[in-house]
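Protein chains: 4
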Amino acid sequence: MPIKRRSESGLPGGRHSLNMGGMEEAGSRNGRILVLYFSRDGHTKMMAALVAEGAGSVPLTEVRLKTVAEATAEDLSWCDGIAAGSPTHMGTIAWEMKQWWDETAQPLWPKVDGKIGCAFTSSGGLSGGGELTCLALQIVMMNYGMLVFGVPDYVAPGQTLHYGAVCAGRPRNEGDREACRRLGRRLCEWVQTLICHRPEYSPLKTSYSRFPPE
Amino acid sequence: MPIKRRSESGLPGGRHSLNMGGMEEAGSRNGRILVLYFSRDGHTKMMAALVAEGAGSVPLTEVRLKTVAEATAEDLSWCDGIAAGSPTHMGTIAWEMKQWWDETAQPLWPKVDGKIGCAFTSSGGLSGGGELTCLALQIVMMNYGMLVFGVPDYVAPGQTLHYGAVCAGRPRNEGDREACRRLGRRLCEWVQTLICHRPEYSPLKTSYSRFPPE
Amino acid sequence: MPIKRRSESGLPGGRHSLNMGGMEEAGSRNGRILVLYFSRDGHTKMMAALVAEGAGSVPLTEVRLKTVAEATAEDLSWCDGIAAGSPTHMGTIAWEMKQWWDETAQPLWPKVDGKIGCAFTSSGGLSGGGELTCLALQIVMMNYGMLVFGVPDYVAPGQTLHYGAVCAGRPRNEGDREACRRLGRRLCEWVQTLICHRPEYSPLKTSYSRFPPE
Amino acid sequence: MPIKRRSESGLPGGRHSLNMGGMEEAGSRNGRILVLYFSRDGHTKMMAALVAEGAGSVPLTEVRLKTVAEATAEDLSWCDGIAAGSPTHMGTIAWEMKQWWDETAQPLWPKVDGKIGCAFTSSGGLSGGGELTCLALQIVMMNYGMLVFGVPDYVAPGQTLHYGAVCAGRPRNEGDREACRRLGRRLCEWVQTLICHRPEYSPLKTSYSRFPPE
Numbered sequence: 001m002p003i004k005r006r007s008e009s010g011l012p013g014g015r016h017s018l019n020m021g022g023m024e025e026a027g028s029r030n031g032r033i034l035v036l037y038f039s040r041d042g043h044t045k046m047m048a049a050l051v052a053e054g055a056g057s058v059p060l061t062e063v064r065l066k067t068v069a070e071a072t073a074e075d076l077s078w079c080d081g082i083a084a085g086s087p088t089h090m091g092t093i094a095w096e097m098k099q100w101w102d103e104t105a106q107p108l109w110p111k112v113d114g115k116i117g118c119a120f121t122s123s124g125g126l127s128g129g130g131e132l133t134c135l136a137l138q139i140v141m142m143n144y145g146m147l148v149f150g151v152p153d154y155v156a157p158g159q160t161l162h163y164g165a166v167c168a169g170r171p172r173n174e175g176d177r178e179a180c181r182r183l184g185r186r187l188c189e190w191v192q193t194l195i196c197h198r199p200e201y202s203p204l205k206t207s208y209s210r211f212p213p214e
Numbered sequence: 001m002p003i004k005r006r007s008e009s010g011l012p013g014g015r016h017s018l019n020m021g022g023m024e025e026a027g028s029r030n031g032r033i034l035v036l037y038f039s040r041d042g043h044t045k046m047m048a049a050l051v052a053e054g055a056g057s058v059p060l061t062e063v064r065l066k067t068v069a070e071a072t073a074e075d076l077s078w079c080d081g082i083a084a085g086s087p088t089h090m091g092t093i094a095w096e097m098k099q100w101w102d103e104t105a106q107p108l109w110p111k112v113d114g115k116i117g118c119a120f121t122s123s124g125g126l127s128g129g130g131e132l133t134c135l136a137l138q139i140v141m142m143n144y145g146m147l148v149f150g151v152p153d154y155v156a157p158g159q160t161l162h163y164g165a166v167c168a169g170r171p172r173n174e175g176d177r178e179a180c181r182r183l184g185r186r187l188c189e190w191v192q193t194l195i196c197h198r199p200e201y202s203p204l205k206t207s208y209s210r211f212p213p214e
Numbered sequence: 001m002p003i004k005r006r007s008e009s010g011l012p013g014g015r016h017s018l019n020m021g022g023m024e025e026a027g028s029r030n031g032r033i034l035v036l037y038f039s040r041d042g043h044t045k046m047m048a049a050l051v052a053e054g055a056g057s058v059p060l061t062e063v064r065l066k067t068v069a070e071a072t073a074e075d076l077s078w079c080d081g082i083a084a085g086s087p088t089h090m091g092t093i094a095w096e097m098k099q100w101w102d103e104t105a106q107p108l109w110p111k112v113d114g115k116i117g118c119a120f121t122s123s124g125g126l127s128g129g130g131e132l133t134c135l136a137l138q139i140v141m142m143n144y145g146m147l148v149f150g151v152p153d154y155v156a157p158g159q160t161l162h163y164g165a166v167c168a169g170r171p172r173n174e175g176d177r178e179a180c181r182r183l184g185r186r187l188c189e190w191v192q193t194l195i196c197h198r199p200e201y202s203p204l205k206t207s208y209s210r211f212p213p214e
Numbered sequence: 001m002p003i004k005r006r007s008e009s010g011l012p013g014g015r016h017s018l019n020m021g022g023m024e025e026a027g028s029r030n031g032r033i034l035v036l037y038f039s040r041d042g043h044t045k046m047m048a049a050l051v052a053e054g055a056g057s058v059p060l061t062e063v064r065l066k067t068v069a070e071a072t073a074e075d076l077s078w079c080d081g082i083a084a085g086s087p088t089h090m091g092t093i094a095w096e097m098k099q100w101w102d103e104t105a106q107p108l109w110p111k112v113d114g115k116i117g118c119a120f121t122s123s124g125g126l127s128g129g130g131e132l133t134c135l136a137l138q139i140v141m142m143n144y145g146m147l148v149f150g151v152p153d154y155v156a157p158g159q160t161l162h163y164g165a166v167c168a169g170r171p172r173n174e175g176d177r178e179a180c181r182r183l184g185r186r187l188c189e190w191v192q193t194l195i196c197h198r199p200e201y202s203p204l205k206t207s208y209s210r211f212p213p214e
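For the protein sequence lines, the chains are A, B, C and D, in the order given.
Counting in the numbering used here, the first sequence runs from 1 upward without gaps.
Counting in the numbering used here, the second sequence runs from 1 upward without gaps.
Counting in the numbering used here, the third sequence runs from 1 upward without gaps.
Counting in the numbering used here, the fourth sequence runs from 1 upward without gaps.
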């Protein structure tokens, strides 16, 4: 095993400082959200902006919105929660997004355990692999020791985001847009509830309607 | 000679006859399709009928359409190809469908290798776990030694069935209906091409449009 | 206020009390762990006992160990975290376990959001679908709105539990046993850290070795 | 939809010739197997050689063994069956392998339908995501219209390859090595049976033992 975690854990400014943001004094500070994405045709980028908008709608939150070309390991270390978005290419994560997790983030494995993760994707069409791409992103984040989630809520009649937000192409209607926003908001609610110890932000206590009238 | 794994393998008319349909004289007989489904609310049943319709549109084909309550191990043994349909319940196969594979079909494991399988599902909403349910059904069929597939074709602009046919609720529009029919047809085309040795049925030689104009 | 989706939501002691355990006064009480399992051959039962042992090794913890025949919706409502275990049957969850989530737990959907979930399984052999079964259990729990996780730690050289604990048959060696214990312990650590607001329990601060020497 | 399949299908030397190998006169020629892999530490390379050895043990077979740096779209077009191997990186396909499918093979989508695919991987440890990586590779190949399979056989007591061959690190024992060989052999048997129309190669008629004595 090449991982030599224990030996470095006592070094000042070493591993320990990397995850301090996520764990130490989280009870008295803002929640920190990273929206990380890769976009080829601009569709996933549009989704990412909406996810960030949803996250930003929750008080006491800081949001960073970055492409895989912009985001560094420090961004991952900094955040409490991450929403990762990739186009669905051939039924799963685009290689450009995977490369970020394989290389850019790799030095942080497994030093970011306990962060909260979720996923979004733009696929070429309905039933075109979008759910599988979200699941693949969740699988990567679980590998890093994160806790991942989907959203039971319905954002429109017959439209949900149980394993992350999926659009066929770009977000085309209010349901698509709300799915992205809801994902960001839910991520933030879990960060506030679970990491920042503000249980009043639990989705079980929300004032908005999680389920539309039929 | 076939595997000698269980005591009955040497018995005339025993295990060997079970898979004869799928393998022996397939080159000179009709293709055999089983559409197997469980339906609680009637949505998956509507899909199953359409899948069977699509399968039946291919010449030299026999189709059996059965619920998990009706289908026996003999139905599985008989067929060359199977389309399995279940509602999406809690993100994966309904227990009633899983029970069929765990118990009814179990005596045939692994004596049905080489059959061709595909999946369909009705979920509560878009992005509600439908793709994951199709994948779970494919995982079960691969466990049995089958070869599984999805369909690259688009049945309407922005609508495909890359891992099986998925409807949110019942089939609501022509795209939904065509996704079901296309799945059954493709299953039949693979059975004709690969098992019945009629390469002229390959989807790569079809006269219908696999991709709609934009 | 909680969601007002069903008619019972306004009743005192109704839906609201069901999740109170998981969310309300969690900061000042014990963590609550449910180890839920189905076992046919006794292997998953052996694993479940070890998972419960691992969970019980963490202070300030209450553990319930129950089969799907014993566990009720109240057990799910009661717990902060759940470890669900099923044999790998045909590459995924045994129908008996799925039935529990489809029927017994169904009235709680989606009223248990934010609980923490993880999975374990006994499969017939290595590379026999064990990871896929853990993933399927995680998919079900995400459907319920839970946050799910795996464990990056290595429990022996070349042996981990990145998506849950997997044994080929019964637990056969110390690595197998430690994988089960570690899963229960990690579940408890996340419950303490994230739900009970005791950040000192974070796995990033553990005194035990998460990675064995080579 | 950018894909204009029908318009070019009649052009000599165009799309049609690309898949001719897989479909046209397959009944009277050798089966063609591509073993495609990416390897960082040499473990997956060792597995690939064994998969190729297993494929080559079947008569009337040609095998190409190539890295993702060497293999071109022509190799994919040429073959009847493909075994794709990648290390398990962060629980799924290494980006270098994904890049091949996203870019090198992309011009062939969806012109290679009906080829037969399977997967293998080297992961860092048991239960470390190896099955999930095989599944991800199968998902990519299904996206291309291929039929994918796993192997029910046991290669040693308690060791199988139900969703592809998985090694923890390099192949370490005879079970590991036989899993790789068996995968290549099975791929070849399906190509002979289903594409080359030689039903005597069906695994249901093999002379070797598919299941070891207990």
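Be aware that a few hints might be false.
If several chains are the same, the list does not tell them apart, and a pair holds so long as it fits within one copy or across any two.
[As the list claims (entries may be wrong)] Calculated lysine to aspartate or glutamate pairs in the DMTMM-like style (CA-CA distance at most 25 Å, straight line): (1) K45 / E200; (2) K45 / E174; (3) K205 / D75; (4) K205 / E96; (5) K66 / E200; (6) K205 / E74; (7) K66 / E103; (8) K205 / D41; (9) K205 / E70; (10) K45 / E103; (11) K45 / E70; (12) K66 / E96.
Keep in mind the hints are simulated off the structure, nothing from the lab.
* To do: Up to 25 Å between alpha-carbons, please classify K205 paired with D75: within, between, both or neither.
  => Classified as between: cross-chain Cα gap 21 Å, same-chain 30 Å, threshold 25 Å.
* Are the CA atoms of K45 and E70 at most 25 Å apart within a copy, between copies, both, or neither? -> The answer is within: 13 Å in one copy meets 25 Å, while 33 Å across copies does not.
* Asked: How would you label the pair K205, D41 (within, between, both, or neither) given a Cα cut-off of 25 Å?
  -> Result: close neither inside a copy nor across copies, 38 Å intra and 31 Å inter.
* Is it within, between, both, or neither for K45 and E103, if the alpha carbons may be no more than 25 Å apart? -> both (22 Å within a copy, 21 Å between copies)
* Could you figure out if K45 and E200 sit no more than 25 Å apart (CA to CA) within one copy, between two copies, both or neither? => Cα proximity of K45 and E200: none, with 31 Å in one copy and 38 Å across.
* Asked: From the Cα coordinates, with 25 Å as the cut-off, is the pair K66 and E103 best called within, between, both, or neither?
  -> both (16 Å within a copy, 24 Å between copies)
* Is it within, between, both, or neither for K205 and E70, if the alpha carbons may be no more than 25 Å apart? -> neither (36 Å within a copy, 30 Å between copies)
* For the identical chains here, do K205 and E96 meet the 25 Å Cα criterion within one copy, between copies, both, or neither? -> Neither, since 38 Å and 33 Å both go past 25 Å.
* Can you give me the call for K45 and E174, within, between, both or neither, at a CA distance of at most 25 Å? => Within one copy only: 17 Å inside a chain, 31 Å across chains, cut-off 25 Å.
* Using 25 Å as the alpha-carbon threshold, which applies to K66 and E96: within, between, both, or neither? -> both (14 Å within a copy, 23 Å between copies)
* To do: If the cutoff is 25 Å on CA atoms, where do K205 and E74 land: within, between, both or neither? Let me know, please.
  => between (33 Å within a copy, 20 Å between copies)
* To do: State whether the alpha carbon distance between K66 and E200 is at most 25 Å within one copy, between copies, both, or neither.
  => This pair counts as neither: shortest intra-copy Cα distance 29 Å, inter-copy 31 Å.
Hints 1, 4, 5, 8 and 9 from the earlier list are contradicted by this structure; the remaining hints agree with it.
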